[in-house]
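Assemble chain B onto chain A, guided by the hints.
Each chain, written out:
2 protein chains.
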Amino acid sequence: MKSDIEISQTTKMDPIFEVAQKLDINADSLEQYGNYKAKVSVPLDPQNVKSKLVLVTSINPTSAGEGKTTVSVGLGDALSLLGQRIALALREPSLGPVMGLKGGATGGGYSQVVPMEDINLHFTGDFHAITEAHDTLAALVDNHIQHGNQLNIDPRQIVWKRVLDVNDRELRQTVIGLGGKTSGVPRQDGFDITVASEIMAILCLASDLEDLKRRISKIIIGYTYDGEVVTVADLKVQGALTLLLKDAIKPNLVQTLEHTPAFIHGGPFANIAHGCNSILATQAGLTTADYTVTEAGFGSDLGGEKFMDIASPAIGKRPDVVVVVATIRALKLNGGQDAKELKHEDLEALKAGVVNLKRHVQNMQQFGQPVVVGINKFATDSDAEVNFLHQYVADELHVAIAEVDCFSEGGKGAVDLANLVIENSETAFVSQNIYDADDSLVEKLTKVTQKVYGGKNVELTAAAKKQLKQIEKLGYAHLPVCMAKTQYSFSDDPKLLGAPSGFIITVRELQIKAGAGFIVAITGNILTMPGLPSHPAALDMDISADGTITGLF
Amino acid sequence: MKSDIEISQTTKMDPIFEVAQKLDINADSLEQYGNYKAKVSVPLDPQNVKSKLVLVTSINPTSAGEGKTTVSVGLGDALSLLGQRIALALREPSLGPVMGLKGGATGGGYSQVVPMEDINLHFTGDFHAITEAHDTLAALVDNHIQHGNQLNIDPRQIVWKRVLDVNDRELRQTVIGLGGKTSGVPRQDGFDITVASEIMAILCLASDLEDLKRRISKIIIGYTYDGEVVTVADLKVQGALTLLLKDAIKPNLVQTLEHTPAFIHGGPFANIAHGCNSILATQAGLTTADYTVTEAGFGSDLGGEKFMDIASPAIGKRPDVVVVVATIRALKLNGGQDAKELKHEDLEALKAGVVNLKRHVQNMQQFGQPVVVGINKFATDSDAEVNFLHQYVADELHVAIAEVDCFSEGGKGAVDLANLVIENSETAFVSQNIYDADDSLVEKLTKVTQKVYGGKNVELTAAAKKQLKQIEKLGYAHLPVCMAKTQYSFSDDPKLLGAPSGFIITVRELQIKAGAGFIVAITGNILTMPGLPSHPAALDMDISADGTITGLF
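Keeping their order, the protein sequence lines are chains A and B.
For the first sequence, counting from 1, position 66 maps to 66 in our numbering; every step adds exactly one.
Take the position in the second sequence, starting the count at 1, then add 1000; the result is the number in our numbering.
Isolated chain A (complex conformation):
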């Protein structure tokens, strides 16, 4: 079989204005970036929602991921084959991990969004604009201190770090401002990856340019020597930062290999941020399509929960149906099989691992929506394994299940799942919440831990307790929580697989994201700046004199 990049580079794309026409978006509303990418600049009316919303989430993954994007793309193409008008709403890939282990994030095989070589690299520059806005703010903060510090900012209490869209562990903890009086004030600092920037979250949650500016104004950059918050509004630079994001806020339109329209916009990770594409992209789908298929990052414990508790209120709508993607490989990993052995049949490991799927399905059912399971097939899945899984889901979980092979077959390979999605999206449901808006912050943390993770309780370190007091004192304790947690386990220990219980979630840091409108709780050893592996993907990438690309996947 051809590589992803070979398939992408040899598939004939439709001109993007033709793709837009499928959603009745005319050429005047497009700003083309070449012939196959465009920003959609038409104002979209969120009141005019006519589309069903399909949320794709998954079980706890292997380090290679579960092919959730591949299934989302295939599902979109399959729904198109069934005569529906479809919009995908997906996140943009981050360049840092593309150069590392994970590769791109545009699906795979015959189920991709294209041009994958552009989407996986700089695309339309949204992430770079966010990096620039974020780091411009950081420079303005230190510059304010350098020129007299009228706001009385305490350099020891600056919480606005810098960002780069690079996996660069070397920048996690730094000392800056060395070199004497003309080169700033020496202080501790560090870099996060761009996807962890609060500006990324804000861009994904903002309803328009004005809301974007209002949210940016509220960002807390640090504290005065007297413990008062210092915001972007105090620095008076919300205008400049919003200006830097004037194009980034517009959703991008591309297409699948089968020419289904795909809005790809925004890209917070779900383990260190809220993990959902922009609400503007989702709303673009909701106001133009019959079905909008969107994906939240990692499992139901991360992107799934955050979609319900953070993104949905901003979109103004819950999903009509939820797809939980699983692979037999990952279920066996969760059941104890060695990661290197996953291609070999192991019914015992599968039987032990299906509890992971069960908890993810029940997690999503807690929110009230109908749930279906999609099995992303691998050639190494044995018939016995597949049969067992079907039986288990039918007998124990009582939800519909379909096998998907869109990696090899494109949309055709996801028609069974598409039919289940259509059928289940007609089911009436009553939305439920797992916590109430006026629960205390600790109650919210506890309910997520107990109801979604299946843990015993949550504990705050001494440092986090101190931060909690400050959050309460400053009046931000009413915000929802956004957990930063490993994607490999329901717990905060990446090695605790399956469906563990009795564990404690340790919150070691609470961060106020006043512009995004949530409190980030950092658990376990999760890092907001990843590193590169010993053999980074970058080493295998190349472009020839005639523009042929190799090594992107």
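Worth flagging that the hints you see were computed from the coordinates, not collected in a lab.
Careful: at least some of the hints might be erroneous.
[What the hints assert, rightly or not] Simulated pairs of lysine-lysine, DSBU-like, Cα-Cα distance not exceeding 35 Å: (1) B:LYS1022 <-> A:LYS246; (2) A:LYS236 <-> B:LYS1495; (3) A:LYS181 <-> B:LYS1466; (4) A:LYS12 <-> B:LYS1022; (5) A:LYS495 <-> B:LYS1236; (6) B:LYS1181 <-> A:LYS469; (7) B:LYS1002 <-> A:LYS218; (8) A:LYS466 <-> B:LYS1181; (9) B:LYS1236 <-> A:LYS340; (10) B:LYS1236 <-> A:LYS2; (11) A:LYS2 <-> B:LYS1246; (12) B:LYS1002 <-> A:LYS236; (13) A:LYS181 <-> B:LYS1456; (14) B:LYS1466 <-> B:LYS1456; (15) B:LYS1181 <-> A:LYS456; (16) A:LYS236 <-> B:LYS1340; (17) B:LYS1181 <-> A:LYS340; (18) A:LYS343 <-> B:LYS1236; (19) A:LYS181 <-> B:LYS1495; (20) A:LYS317 <-> A:LYS473; (21) B:LYS1340 <-> A:LYS181; (22) B:LYS1465 <-> B:LYS1495; (23) B:LYS1012 <-> A:LYS246.
What follows is chain B alone, placed relative to chain A:
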């Protein structure tokens, strides 16, 4: 009069494919970025040069600049008015200074390239791609050390710093890699501004994708414990870095307010780098226009000299005529008038300051090309001042002079200069060099100091002498030099105005830029990472809900 951004936002632009048609570039060769920006992807044949080349340089400027870009744009429009087919070839603005003191770099008044609000912000993402490639390389270097350091890289001798397109003095000198074993190796480091990146220079000098990759391969990132160079080729990541620049290497096409085609591409500063737009942009003009007007940064001592000694050999052509731009304001500053008083007549200061213009004109004449002077007029110039200057240039410098008022009048205001340019570009000349390729490095530094700066001699600090020995030992001593020097004076002391002599240029650091193909000599206190002023331009910028922009200039 309207502000620059008001003029830009209220002028009706032509669709970019119509602008391209003026140069017989058809729509198939364009990748549009919206309706008014495009990347030109047609292969250009540098052998097929039919255009005259006009180089615009200037005297030593005030801190506000001399309006060199404004004059270049106006000259292009004026030549268009005279029935010539014109291409401008200019540099892209850097975002760091846009947020600081200087504002944008797209001309001013009725002599601008548009859409200025896009060109001055992220434009087509070229600088962000360079930042990403540069910092990805930095991360790969530290990652190599983290994972066993097979190449034996000495962390104390890494010369590849990181970059951001932000004026951030706080990042000039840093310590990175703190936080223990999993977060890298602690070491000293620092950030430059993106325009100072060797990758910026390489992008501007590369003849095609293959040459780009070859140059990137040669970049020296540091040294082994045994003192051997470590290059990008040793790390095997030239393919990935070239891939990250696959779009950035293509020249961008925009238009002036009067719809003259303008290639805007690449943007090294002339005080800390080589200061010329990409040779691909200049060649795009040379193969499609009658006249190609290009600008080199700052005065003849910086961009002017570097255009001749670094860019011209890569372009394969010297200019046919050189325009030296001067303002009466800057000449008076050079003659001793206080910077705050420049709007008041001061004939004595002007008489004392014209020696600055004289040396810049003679500098350019040394290279053999015809030179004309363009006076960029200000409303505060008195008749007596203007008359004196005309007389002086005619009697003492024996070169043609024209007044220019394209800021208020657009191309119409530069027709006199355009006529002089046409006339002088027909003059036969013999190109001269100020140093020979096989001069030693010290001879090259000395000849630039004596012949171009008018100084007595060059001195190397002990550290620079040590670097010189290393450069000779490693076999890079044959490369041309690229001086990093203040733009305010011929000397390395920004306070020494006029036409000083007898001074010593102190070189405190020599850097091998093996990919760019030159040795950077850092003189005086020049910084490769600027800071922001006490009232950054960012504080006055805004964008309203309907997209109206204010505060960009």
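Here is what the structure says about each hint:
1. B:LYS1022 <-> A:LYS246: Judged against 35 Å, a Cα distance of about 31 Å means the pair holds.
2. A:LYS236 <-> B:LYS1495: 34 Å, holds
3. A:LYS181 <-> B:LYS1466: Distance of about 28 Å is within 35 Å: holds.
4. A:LYS12 <-> B:LYS1022: It holds: about 31 Å lies between the C-alpha atoms, which stays within 35 Å.
5. A:LYS495 <-> B:LYS1236: Measuring from Cα to Cα gives roughly 34 Å; hence the hint holds.
6. B:LYS1181 <-> A:LYS469: Holds: LYS1181 of chain B and LYS469 of chain A sit about 32 Å apart, inside 35 Å.
7. B:LYS1002 <-> A:LYS218: Since the Cα atoms of LYS1002 of chain B and LYS218 of chain A sit roughly 33 Å apart, the hinted pair holds (cutoff 35 Å).
8. A:LYS466 <-> B:LYS1181: Between LYS466 of chain A and LYS1181 of chain B the Cα gap is close to 28 Å, so the pair holds against 35 Å.
9. B:LYS1236 <-> A:LYS340: 28 Å, holds
10. B:LYS1236 <-> A:LYS2: With a Cα-Cα distance of about 24 Å, the restraint between LYS1236 of chain B and LYS2 of chain A holds, given a limit of 35 Å.
11. A:LYS2 <-> B:LYS1246: The hint holds at about 23 Å.
12. B:LYS1002 <-> A:LYS236: Holds, at roughly 24 Å.
13. A:LYS181 <-> B:LYS1456: Holds, at roughly 32 Å.
14. B:LYS1466 <-> B:LYS1456: 23 Å, holds
15. B:LYS1181 <-> A:LYS456: 32 Å, holds
16. A:LYS236 <-> B:LYS1340: 28 Å, holds
17. B:LYS1181 <-> A:LYS340: 27 Å, holds
18. A:LYS343 <-> B:LYS1236: 32 Å, holds
19. A:LYS181 <-> B:LYS1495: 20 Å, holds
20. A:LYS317 <-> A:LYS473: 32 Å, holds
21. B:LYS1340 <-> A:LYS181: 27 Å, holds
22. B:LYS1465 <-> B:LYS1495: 26 Å, holds
23. B:LYS1012 <-> A:LYS246: 20 Å, holds
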